[in-house]
Structures are given as structure tokens and as C-alpha cells.
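Listed in order, the protein sequences are those of chains A and B. Just remember that the numbering used here sits 1065 ahead of the position in the first sequence, which is counted from 1. Just remember that the numbering used here sits 1065 ahead of the position in the second sequence, which is counted from 1.
Be aware that one or more of the hints could be misleading.
Since copy identity is lost for identical chains, a pair holds within one copy or between any two.
To be verified - Using 30 Å as the maximum straight-line C-alpha spacing, the simulated DSSO-like pairs for lysine-lysine come out as follows:
1) Lys-1571 with Lys-1089
2) Lys-1093 with Lys-1571
3) Lys-1443 with Lys-1093
4) Lys-1190 with Lys-1328
5) Lys-1089 with Lys-1190
6) Lys-1328 with Lys-1093
7) Lys-1089 with Lys-1328
Honestly, the hints are just simulated from the structure, not real lab data.
Protein chains: 2
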Amino acid sequence: MREVIIVGASAAGLRCACRLARLKPRWKITVLEARQTFSYAACGLPYVLSGEIGEAEALRRTDYRVIRDAQYFADYKRVTVLTGHRVAALDVSGRRLEVRGPNGAAMLPWDELVLATGARAITLKGQPRDSRVGAFHSLDDLERLHSGLANGEIQRVALIGAGPVGCELAEAFRSLWGAEVVIVEASPAPLPSALDPDLAASVAGQIRANGVDLLVNSPVTGIDADDDGVTITAGDESVRAQAVVVAIGVEPVVELARQAGAKLAACGAIAVDERLATSLPGIWAVGDCVAVRHAVTGEHSYMPLGSLANRQGRSLANILAGRADHFPPAAGAVAIKVFDWNVASVGCTTAEARSHGLPVRAARTFAQDRALYWPEVKDIQLKLLYNPESRRVLGVQAAGEGEVVKRVDVATQLITRGATLEEFAHLEHAHAPPFAPAMEPLAVAAMIAQNQEDGIEAASPQEISTAGSLLDVRSIEEAAESPVSAGYVSRIPLDELISRLEEVEKSTELVVCGRGTRSAEAVRLLLNNGIRARYLSGGLRWLAAMRHKSDDS
Amino acid sequence: MREVIIVGASAAGLRCACRLARLKPRWKITVLEARQTFSYAACGLPYVLSGEIGEAEALRRTDYRVIRDAQYFADYKRVTVLTGHRVAALDVSGRRLEVRGPNGAAMLPWDELVLATGARAITLKGQPRDSRVGAFHSLDDLERLHSGLANGEIQRVALIGAGPVGCELAEAFRSLWGAEVVIVEASPAPLPSALDPDLAASVAGQIRANGVDLLVNSPVTGIDADDDGVTITAGDESVRAQAVVVAIGVEPVVELARQAGAKLAACGAIAVDERLATSLPGIWAVGDCVAVRHAVTGEHSYMPLGSLANRQGRSLANILAGRADHFPPAAGAVAIKVFDWNVASVGCTTAEARSHGLPVRAARTFAQDRALYWPEVKDIQLKLLYNPESRRVLGVQAAGEGEVVKRVDVATQLITRGATLEEFAHLEHAHAPPFAPAMEPLAVAAMIAQNQEDGIEAASPQEISTAGSLLDVRSIEEAAESPVSAGYVSRIPLDELISRLEEVEKSTELVVCGRGTRSAEAVRLLLNNGIRARYLSGGLRWLAAMRHKSDDS
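Here chain A stands alone, though its shape is the one from the complex:
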């Protein structure tokens, strides 16, 4: 018999507790939790606010309709959860801790201590203590905003941060409540930790198309609450709102770990090895308080993701029970619904790769998610980042109305295994017209990258503004329908290019077409005939998506 104390009834902590109780029924397993309400799916909170989920209780219910409270864990899982219990002090060498609860303080001994203390919302410097300014991280936050919207007090909301939570909340406030929403983001584009700016610009277009005022490059310098509302200052800009949600990310809760003397990673989270052991004997850590080994960079990285937390909890139960298990490196796969768009990414962004000293190049495809003749086919923008020296794929990002999460899930399996462009180009997929094109866009992106390394050079969408001379190889009809609005443009449709080679301007810098396919072929044809040019990566459609509505701002 061993005594295991788990601090924090988070997803990771509870998953660990429940499995350990099954594997080791004679062990005494206690979960200490400061809050009264726990084990709700926090990822679902924005969708309660948006009305897509009818009631917050749904986030705490099992599929057989039982509420996950302390009674549930006692009866169904044989796990003791002590709510309202806060750990006051840790005696590491004595393997015991002081806990304070409703009935006073007590010393509890442990054989194994699991820190599952989770994360908390980051607050802004100088953030006022005001009920109208807060995070969106808990049921209380939901309740506060929900009642303000319901009673009409909140008609205009400012969101600080265009990360996943900011994007999800923008939709919630707009769609159900019709509130005016302004997002104030410090970076040049939304979702900066998941997307490169050229893809994020398309997402920004979506956000704006849905009536949200999105301010970028706007680091907040002040928040001031007065009787009538709240004023946010971001450089020269000033934004008024009746409620402000600070959604600039979360940070690991590590006070207890620090007090115990456990080693922290450079990212600030608790350092654990692949067996989820901290630097201290008998002390383990799981969930949003730990640093995860990044599959691409090899470094400790902070990835507060529910999917990882759940798996860590199960893994640690296995490890504590003496079974062979370990938690492998992760690539940080994320998915975010942004109004009607699906957005997902995995691995490094360009900025992240560079910050780790990795050489990085990009391939883009403006693809279709199903057979092009399938009635419900949708566009997706897909960007693949790779190391041109090792040819390893470093990251994949995708966004659009179409199916992008599948591509990122597939890419995740390959990236976590160090796959090269060659492996991506040969990835196998289940093809039928309602589900995918015969050539999978993810593989096509890798083929584009292979062609680039073979001399068919792509220019990023941003480079069109500095290109002097363009060659448009679309048909006359297409060019007339949506003319290129940049630089000096000459036109030769691809099917006439070989016979009209002498007409090609020697100064041609950039070849353009709709999706980037024909222009890449044209570049190869020109190269085969001694003319060197680049093509517009992702085509004019990628460019149009980036510019969508964003010119209005």
C-alpha cells in the first residue's frame, strides 16, 4: 500500500488518480483541490457563452449524464477528492504536506506526490482590479460575462489578445449576443503562436468580415476603469468598452513546485523527464504546470493543451503503478474554430524555428479539401515549413472553410517522427471524392517544397508589393475576371507560353496564377529555356484572402 497525493483536480490530476485507483486498488489516493467546482471541460467555456452549448453543466457531465463532482469520483472511480483544500506548506524530506480545508489544517503524509496545479490566466501589467476587467479562464469568468450580456449591461466588449481564446470569444460575443467586439492584439496578426503572418492575415480577414474590429500591432499600454466603462490605451489608439477580457495566454502555476525546490524549465513551467518525474524524488508533475519536450526543437516548451494533459495523467498512473510507459515529445498541435473557418497548426512557426537557429523555408498551397468537382469542396490555405538542409518538416499550418484539422493531425504523426519532405510527399491517405482529392494537399505542399529545392523558387505573398515586373499565366477570361493589382503585369496564358517565349520580358521577376500551380509550371518552363523567375506562392487567391477586408482597417 502506498499513499499518493495529487495536488489539483485538473484533467491531468484526475486522469492520473482514476487510472491509478484502478491499477492499484489498495493504494490510498487523495486529490486536493482548492476550488469547489472542478472537472469541467474548460475548452468548452467559450461555447457556453456563444450559446452553442446550452448550459455550463454540460461541461461537467459524463456521456451517461452523471455530474463529475466529488461524489462521482468517490462512487465511480474510488478516488477521494477534497475540495476547498489548499496546500499550505510542503515538507519534501519528510514526505508530508500541510493542507488547509473547511475543517482546519492537517498534515498529510505521502509516498508519491503529484503536482497537477495547472495554469492561470496571465494578467497585464497594471491591470485594474475591477469586475469589468478579467480573464476568461473559469466558470466564474463565464458567469460574470454571461450575466452582463443577458442583462444588457455589456453591449461593447474589448478583447485583449487575438490568441485562441480571443478568437473563440469574438465569435461568442458576436454570434449570439450581437455585441460590438474589438480585439486589441500586440502582434502584427492574430494567432501569432500558431500561424505565420501571411496565413494569419487571411484569418484576420475572416475575423473582420464577421464585424469584429481587429487592431493589430497594438500592445496595450493602459487600462483605466471609470464609472461609465473601461478605456484601453494601445499606443495612439484608445478603445472604450463595457467589459474587457484579458486573453493574453496562461502561465503555469508553479509556486508549490518552486517552494519545494523542484527545477523549473526556461519556459517557467516545471521541468519533468519523460517519466514525468520532477527533479525531486517522489515528486511528479503533469498537465498545464509542466514543460513538455518539443518534438521539433528538442527543447523544453510550454504547451498548456488538454489533449497532452489527459495523456500525461494516464501515463503517470502507469508509471507510478510500475508499468512501462513514458510521455513522448510533442509538437504542439492545436485547432481553433474562428467563425466559419477552421484553423490548425503543428510544430514551429517560422519565427519559432528561427529563434531556435533552425534554417527554415516555406511551401504554400491554396488547395481544395475534397475532389475539385465535389459540390461541397472548400478551399484551404496550407503552409508547410521545412529545414532545407535536413529536409525535415518543421511545421504545418492550415486555415480555411475546408477540412484543415485532418491535415494537421496527419502532419503531427509525421513531424513527431522527424519526417522529411520525401516522407510527406509519399504520405498515404484515404481518397474518395467526398473526403479528399486524389493528391492530398499535405503531400502536394511537400512536392512544392521539393520543387523549390529543385530550383523552382517561390516568392511569399508579401513580396508581390516589391516585385517590379509580373507575368500572369492565367487564361484571358480569368485575368479579366480578377485582374492583378500590382506592379507592371504582362499576360501570356500558360498554354501559349512555349510558343510566345520571345515575348517574355527579360525583367520578369514573378509569375502569377490562381493557386500557384500553373505559375510554378511556367517558372520551370522558363528555367528550361534559360529565363530565371520566381512564382507567387499560393497564387493570387492566397493574396486575395490576405487582403480580404484587411484593406478597410
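Start from chain A and add chain B according to the hints.
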């Protein structure tokens, strides 16, 4: 300069020709094609019949609205396609062939010969030559059926074979035309090459629920056409229809390869190495006429799939152009839309694994495809097959209204890399409530398998009929709502099990619940207390899906 002749303007042949023309612009590349119309997406044919695709031309059009005919390939791809040209004889040692076309016969020399002869529909023994009996493999077949339906001649159709084409056609005939449809299948369940019988039974339920008469275990013994229609005899059964589609699969077209003396694989298709070379120097083969190395069995296997054909074509172009490339083993990932259900599978079925002498066990999960509280969450039935000795995953099959293709695509990456249960259990995925649950069903299936190897034994759904004594651990309400209709059933809800252990019948064989989760936990609890039982894999809901409507037949 080299001369390359490609026989067959199939997806593989054309893909090879086009890329090779780009990589080697000075080479002479000729594609010989017996038909006049080619390069249409044959996978889309059923959806033209169903009306989901408005016109057959859509299957031949590029995304920039150009029809892919010989002119297109000449102008855009600089590839010569000679239609109406049939290869009459092959002179292998002389590296030349005799071709007969509209302008008579000619001898053409080659340096490299590519066989891309494709596949043809298999005909039944004794299949009558009658315009009302035929395959569904070409534009002509589509035209014939379409006009019969449109002019009212066809109101009742018989489909022989419940494979992918049979299932897709059943929907086409029912949904748009309201025709009476009967499917006559020799195997015990539909989609026998993709699904095990317990999952196929659920698909059978879907087919029947959509008003299709599905006969299984019914090998056709005769087809007789008379003035009024066609009669199919299958054992004691006799089926009348105005049109019969024989959809029992395709076979590789290998006459030319055989004549040349190229080695054929045991499956009957052309044997090629990983460079797509046949056994004869200078002769290569790609597409539906070749055998592919199976990633699980390691054997040559026949996988006539458009996704593989396209990649092979590109690979061979790379290889012929002197670039490093090879075509890796494939796991045979397929996806099929069956009315409103999505069906997909990869790797071996149980029968296929056994036929290769592989030990095989199964794990099932009746899962939800998104967060359980997401309004659009749908059920999926997922079955994972593994080798209990090596712990390698051998195959994954999934079906349901929910997102199954994503899971199979992810599984494909892992299976082709020889992944074990442990790697599946730790697969990383992008999680957000609209896209996936926090615990990915594919990983959960692997965890169920791990638990099974840890002594938590699952019984297959079929075994319930022979189980003597059952224990239902659902709540009183659930049990009242949908009582178990099998054997002798005692009831103890899971949350009361530990306190009522003495009530558990010593003879309990099978523990049951809704989805198989609680019953598995109950089995472990019983095992921890010295009582050995198994649980119903996939739960009562899997069983209900299998029985859905099929009792009526």
C-alpha cells in the same frame, strides 16, 4: 534525348508523362490510349449518376475550367496523347512496339516503356452479353444507366457486390432516382475487403435503413436476361430487375505485360520493385495494373486506388529523370460514403491478417467524434486490430455519421511506420471541442487494447448471443430506457458495484454498459476482487448498431 512511350492515359500514366515532360523538356514523350475520352476522374462517376455532380464533364475539367483532352495535354503539358491507338505487339529486345490507330499501323521505338494499362471490371462467370447487364467502370456505363433511369426504363436495379462501388451506386439509384435497389453480396456483410463483419453489420443496417434490399451470403449462380428484364439467381433466392450492375471488383490489365514476359505477382498484377521497374529492362509499370508492397504483410498486394496511382506516376517520372525517389509500401487506406455514413479502413482486416498467418486481436470503441458536449457531436464505431505478440497495429476500421476518415488517415501514417499500441496510445492530435475530444478515439482504442493485454478481456459483439449470464452496470434509468435483450441479466450500477460485490453472480460471463467504458472498468474492479469476467466490446450501442434493421431482413 530519350523516347518514352507510356501505354495508357490513366491517372498514373498521365501524371508520369506530365511531370517527365517538365523535368526532361527535350525528351519525346508519347502516351498511347485506346479510348477517345480519357483523363476523367472515374471515382466521381457514381456521383454524376446520383446528381450530386451536375455533369460528367466536371470530371474532366481542371480547376481553371479547361477540359483535359489531347489538346490540353499538348498545349499545357507538352505531352502527346494519341487517342484511338492500341498497342498490337511488343518487341521487347528491339525496344519497339506496333501500334494501330486511325491512320493504320506503325512501329514506334522506345528507350523507356511505361505500362499504365489500368484495370477493368471483373465479369461474372456466365455473365450474359446484354445491354441491361454490365459494369460501372466507364463514362459509357454511366451514360447507359443514366439514360435508362431518365427515360423511366429502369425502376428496379440489382447490384451484384456490396463493395465500395455497389454501396456508392445504391445511394445514387435511391437518392436521386428513387429506384428500387437490391444488392446481392456473396460475403456475410458489405465491404468485406475493408471491414470485419461486426462493423460491416452496422453499415448493412445503414444501407437497409435507406430502403435498399441487401442480400448477404448470396453468391450469384446465374443471370438470365429475357424480354421483360433480368433474373439473378443466388442459391434459393431469385431477384428480378430491369438493370443489373456487376460490381464485384476490378482486375489489372496485364495482357501486354504478360506478352512481353514481365513477371506477375501472385495477386495477378504486374510485379514491380520500389523503383516501379518490372522484371524487364527498360519496362516500367504504374497504376491499377501493378502490385503494391503491403506495409503490414510485406507481400505484393493489389490495391487499385487513385491516390496510389497518382503518386506512382509522379515517382516514376522522378526515377526516369534520374532523381532519387522510390514508391514506399502502402497500407491500402480507403474511404467510402455510404448514404449519410462515413466508412474508412486501412491495413489488414481480421480475415486478411489471419490469411497471412498473423496473430490478431481486436479493440473496439463506440466513440464520439468531437467533445461530447459539442452540439454536432456524432458517434463513430472504431475497431483496431493488433498483433498481441509484437503489439504492432495491423489495421483500423471506422464507420459512422461522424468524422472517421481523419482517424484512418492518422492511423495510416502510424501503420505504415510499423507503430505499436504504445505509439498509438500516445498519438498527438489537435484538440478543440468542435473538432475532437480531448482523448482521441484512435488513441483510446489503443488504450483499450493495452488494457486487454493487461487482462481486461473484451468479448466481441457476436459473443453476446452465447453468453449465459450478463451483468449490466449502467444506471437504473439507462437500463430501463434500453433493456438488454439477451441471456440472463443481473443489474448493479457501476457506482454501487464495490459495495454490492457479494451480489455479483459467480457465473457472470459478460459485463455490459452503453459504450464499453464502464463495463471495462467493472471487469477490472471484479478482477481486483478475484472475479473473472469479460466485457462487451463497444458496448450495447455497438450491438444495437449491428442489429439496426438487419433483423428485418
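Status of the hints after comparison with the structure:
1. Only between protomers do Lys-1571 and Lys-1089 lie at most 30 Å apart by alpha-carbon distance; the minimum there is 23 Å, versus 76 Å within a single protomer.
2. With identical chains, the CA atoms of Lys-1093 and Lys-1571 are at most 30 Å apart between copies only, with a shortest distance of 28 Å across copies and 79 Å within one.
3. In the homo-oligomer, the alpha carbons of Lys-1443 and Lys-1093 never lie at most 30 Å apart, since the shortest distance is 53 Å inside one protomer and 38 Å across protomers.
4. With identical chains, the CA atoms of Lys-1190 and Lys-1328 are at most 30 Å apart within one copy only, with a shortest distance of 26 Å there and 74 Å across copies.
5. Taking the closest pair of Cα atoms, Lys-1089 and Lys-1190 never come within 30 Å of each other, the shortest separation being 46 Å inside a single copy and 62 Å across copies.
6. Taking the closest pair of Cα atoms, Lys-1328 and Lys-1093 come within 30 Å of each other only inside a single copy of the chain (27 Å); across copies the shortest separation is 66 Å, beyond that limit.
7. Proximity of Lys-1089 and Lys-1328 under a CA criterion of 30 Å is satisfied intra-copy only: 29 Å inside one chain copy versus 58 Å between copies.
When the structure is compared with the earlier hints, violations turn up for hints 3, 5 and for no others.
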